[in-house]
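Please take these sequences and the hints and turn them into a complete structure.
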Amino acid sequence: MPLYSCNALPGAIDDAAKPKIAADITRIHCDVTGAPPIFVHAFFFEDAPHQPLDDSKAFLFGSIRAGRTDDQKAQIADQMRQSIHTHAGIPLEDIKVITQDTPAKWVLEGGEIMPEPGEEAEWLAKHHPEAAAHA
Amino acid sequence: MIPCTCIVQDGQISAESEATLRSKLDAFSTKAFGSSAEINWVTVPAAGGFTASKPSTSSIVSIRPSAPIDQETRATLLHELCGFWTAETGQTLNEIVGVISDPMPA
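Residue numbers (our numbering), protein chains in the order written: chain A, 1 to 135; chain B, 136 to 241.
There could be a bad hint or two in this list.
[Claimed, not checked] Per label pair, the in silico range of CB-to-CB distance: (1) B:Asn-175 - A:Lys-20: 21 to 31 Å; (2) A:Pro-117 - B:Pro-238: 17 to 27 Å; (3) A:Pro-129 - B:Pro-240: 32 to 42 Å.
Just so you know, these hints were derived from the structure itself, not from any lab.
Glycine is no exception: its CB is placed at the ideal position from the N, C-alpha and C atoms.
As structure tokens, then:
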């Protein structure tokens, strides 16, 4: 967690663009929230029924830990929309980005309940010491 | 029925393991929440999953019971869920994210 799930029209985001967008999603989320990269999942789908596109060509849905400010969420949405536009060439107006708060206490990752935002150091030291050393 | 979404990476879990996990999830849901699981099994296409910017080996299992549960119960159930998942798949605990939510607000 966070989990960013990106659904798009078939072919709208090619395989070369996906790792670039995933890298941007990871960087943006970590820059804005201070979370460690190891927590960030970015999954890409095409025409996935579980995440309807409605009238968009790409829809990025981020399930993020609760506790982020409205300003942080707006930065995440704006910057990630720009990344998809830049790497996939989809017009900005055809890209939808939404985040949804998920309480950390609802989530088990690494065999333990997720830490609250800002309280990751102990969790990282236990499960990903290499990441903790660079956090 | 209790909604249960499983998101897995392409080619990561065999059809046999998927069938076993579906059965275990259904039994888990019935025991824990009193109703069988409505499983939505979603496969991330090849080269479409990333964790920490690298190709992902992570699975996400998310369950939304119909009634709220206390945190101690939730934690116990999450450990049980991730325990049988890793035992069946051979994934490590760092590769499974379990979520047990509260019900959607009315």
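Results of checking the hints against the structure:
Between Asn-175 (chain B) and Lys-20 (chain A) the Cβ separation comes to about 29 Å, which falls inside the hinted range of 21 to 31 Å. Look at Pro-117 (chain A) against Pro-238 (chain B): about 24 Å separates their beta carbons, and that is inside 17 to 27 Å. In this structure, Pro-129 (chain A) and Pro-240 (chain B) meet the distance hint of 32 to 42 Å, their C-beta atoms being roughly 39 Å apart.
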